[in-house]
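Once you have looked at the hints, place chain C on chain L.
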Amino acid sequence: MPGARNLSAALRRTRVPRPRLLSRPVVSHAPNATVRAFTSATARLESRQIKYTSDAYPNVKRDSRFAELSADDVSHFKSLLGAESAVVDGVTADATDDIEPFNSDWMRKYRGHTRLVLKPQTTEEVSKVLKYCNERRLAVVPQGGNTGLVGGSVPVFDEIVINMSRMNNIHSFDQASGVLVADAGVILEVADQYLAQHDHLFPLDLGAKGSCHIGGNVSTNAGGLRLLRYGSLHGSVLGLEAVLPDGTIVDALSTLRKNNTGYDLKQLFIGAEGTIGLITAVSIQCPPRPKAVNVAYFGLESFEQVQQAYLQAKGQLSEILSAFELMDGRSQRLVHESTGNKYPLEGEHPFYCLVETSGSNAEHDMAKLESFLEHVMGEGIVADGVLAQDETQFRSLWRWREGITEALSHLGGTYKYDVSIPLPELYQLVEDCKERLVQKGFVGDDDSFPVRAVVGYGHMGDSNLHLNVSVRQYDKEVEKAIEPWVYEWIQKRQGSISAEHGLGIAKREFIGYSQNETMVKLMKQLKDLYDPKSIMNPYKFIK
Amino acid sequence: MASKGLRILVPVKRVIDYAIKPRINKAQTGVETAGVKHSLNPFDELSIEEAVRLRERKGPLKVDSILALSAGGPKCADTLRTAMAMGADKAFHVEVPEGSGDGGPEPLTIAKLLHSVVEKEDINLVLLGKQAIDGDQGQTGQMLAGLLGWPQTTQASKVEIKDEAGTVEITHEVDGGVETLRTKLPLVITTDLRLNEPRYASLPNIMKAKKKPLEKKTLADFGVEDTRRLKTLKVTEPPPRTGGGKVEDVDGLVSKLKELGAL
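Residue numbers (the numbering used here), protein chains in the order written: chain L, 13 to 555; chain C, -4 to 258.
Here chain L stands alone, though its shape is the one from the complex (with noise of 0.2 Å):
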């Protein structure tokens, strides 16, 4: 079972505040990241500086309204929080190592100068600490695991970074309704740990368990690997605890399903990347763990297969279907040259799935899933598949769609977009996206050529597609080409230019694209009316 994975790990990174340089959390690419063999990109990437967030986007400057730090803030804070671990001060001492994994994030893509770093352990800390940043006008970044893509949990500038890893108490969990009471601080896989002790499973899955906290997974509504079954945070996160930034504590904890007396403000808070609130506890609906995990693995020979075998799997699979995952032939492709694994599956196919079914028995599971095959076999709609007969088979065959990210930092630079688009033209993105590059002479298999390859794979079930520009190194042309233009593509089709990775300080540029004018005017009021100060993760989300 995929919860039952790496626990040691997770335990081991429980000891937030390092450089996480070395571990490579990937939001929304599967479990696992903690397995991962350190690459020798990241290696290559570390001997460099990260370039500062400011130098690489000169057009967003320092809001002159925010206050500067002073040594009486330090102090003031230091008094406040007592403990000394509580505070990583740069502002009286100097700091720069300690504070450098605050300032920066994984993918060594965002850089911060902050020089304070604040470690609150109550709800009223955080409030103590967010009263006194809005009277004085202090910015602030609020910081979960620090595993975002789009650069929302680093600083800008000099934001305070309040980070949330000394609150990871675990308040309660109810056996019989399913719900988790825990801190924002906890981490994923821990709470995950925790609840598989009492048979149950958290709702959410990702490649970054091992590092993220459940407040920040909430903030930026992460989807992941389990969405298909389990739906949206939206849906599953019953109540929530924040803190405004004057200090207010908004107390909406609540563990019913059902509660229609009024505005559901919690919904504000997850998805709002820190701008309004920071999120300090969650409760959450947690459903059993599944008993019996099946995974099959299927050569394709179009994008018409995938679709169809997309239809037979919900329809014959229906409640046991738990994942349906899209991986292109090019994507196999580097994850077999890098790991020098054998291809599950004889020959090459130009699309594969992987599905999983969970559920309670594994023999009823099992019969269904092989009237299954043996229709989409039967039916010509799937080439060629393997089902994993044991635990070892069953990640293995995960590894080839978990694998493709880590594929990928082995060959230098990825662009990455986080897409929805309506399913009928999902892949479609991929191959313009080839084409418009192939036109333009970007793509070879010499160095010469800018771009190694043009790849997609992604989350079927949920119309969410990854699509990967894998760069020899960054190239501002290459950058030019893509672009606005695979926006614009999207916008086109009525899709989203962020799925599931958020709008940071990455897109907050293109917002325009997925949302009206109306939509985002009404969002600045909202912000306008619980951060009346824009204190709060400041240069980001929406402009």
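Keep in mind that the hints were calculated from the coordinates and are not lab data.
Treat the hints loosely; a few may be bogus.
Quick partial rundown of chain C residues pointing at chain L, CB under 7 Å, derived from the structure [claimed, not checked]:
1) Ser34
2) Ala196
3) Leu198
A short, non-exhaustive set of chain C residues, derived as facing chain L with CB atoms under 10 Å [as the list claims (entries may be wrong)]:
4) Leu35
5) Thr77
6) Met81
7) Glu192
8) Arg194
9) Tyr195
10) Met202
11) Phe217
Computed from a prediction, not measured in an experiment: that's the story for all the values here.
Glycine included, C-beta positions come from ideal geometry on N, C-alpha and C.
Frame of chain L, contents of chain C only:
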């Protein structure tokens, strides 16, 4: 039989999946098996793969038949289907009622059973896993060779049929290197992890496997009784590791070390 080809017997066992942590049952008489994922014993998987590869190699000796056999409860049929999906031609399911986590009949019983099967089915090569990962006894292959009076090569990491006369070369690992042995059929080989990398069961083969013959047998069919010479008195877990403690600072460390008498 007139054919000079290989008639291979591959005994397989259904065991708790190697990736699952076994737990001791409440009565402390064995390992909890109810509701736990079971799979084909990994060493037996290697044996089947090797048998199928011998066929695919089309070497000096053709493979006439690959017979998979499992002794145990009703679910062993699944394990045998997996073996046939990988390439075995037919299977015998010798029904033995399931005990409570006792690991099944003892190696000698199984060796006697296999002895009888070898004679009845005119087998000339037995490929066994070197051990089953549940009982870890690793005796069946050796006992079988003894009963048959055949040569045996254990822990094979390479198997090569050299000629039509049935000369076989087997390589296995020994301390500090490898040893290559030569012998002749009929023969008992036990397999080790480095022998090969088992294939996935492909969907077309899984379907074909459903149509392959799976015969139900009993121990009595082979004139064997499930007698036990050993009685399991008690099964217990090793003591849990005690975790380390944390100290606040250097002074704390020093006083802790003093307290433990290390300073």
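Okay, the hints, checked on the actual structure:
1. Among the interface hints, the one on serine 34 of chain C holds; its C-beta lies about 3 Å from the nearest C-beta in chain L, closer than the 7 Å criterion.
2. Satisfaction of the interface hint for alanine 196 of chain C is found here, the shortest Cβ-Cβ separation to chain L being roughly 5 Å, below the 7 Å cut-off.
3. Restraint check, leucine 198 of chain C versus chain L: the minimum CB separation of about 4 Å is within 7 Å; hint holds.
4. Checking leucine 35 of chain C against chain L by beta carbon gives a least distance of about 7 Å; that is within 10 Å, so the hint holds.
5. With a least beta-carbon distance of about 5 Å to chain L, the hint placing threonine 77 of chain C at the interface is held under the 10 Å criterion.
6. Checking methionine 81 of chain C against chain L: minimum C-beta separation of about 8 Å stays under 10 Å; hint holds.
7. This hint holds: glutamate 192 of chain C has a C-beta 7 Å from the nearest C-beta of chain L, less than the 10 Å allowed.
8. Here the hint on arginine 194 of chain C is kept, as its CB sits about 8 Å from the closest CB of chain L, short of 10 Å.
9. Of the supplied interface hints, the one on tyrosine 195 of chain C holds, with its beta-carbon coming within about 4 Å of a beta-carbon of chain L, less than 10 Å.
10. For methionine 202 of chain C, the shortest C-beta to C-beta distance to chain L is roughly 6 Å, which falls under 10 Å, so the interface hint holds.
11. Taken as an interface hint, phenylalanine 217 of chain C does not check out: its beta carbon lies about 28 Å from the nearest beta carbon of chain L, beyond 10 Å.
When the structure is compared with the earlier hints, a violation turns up for hint 11 alone.
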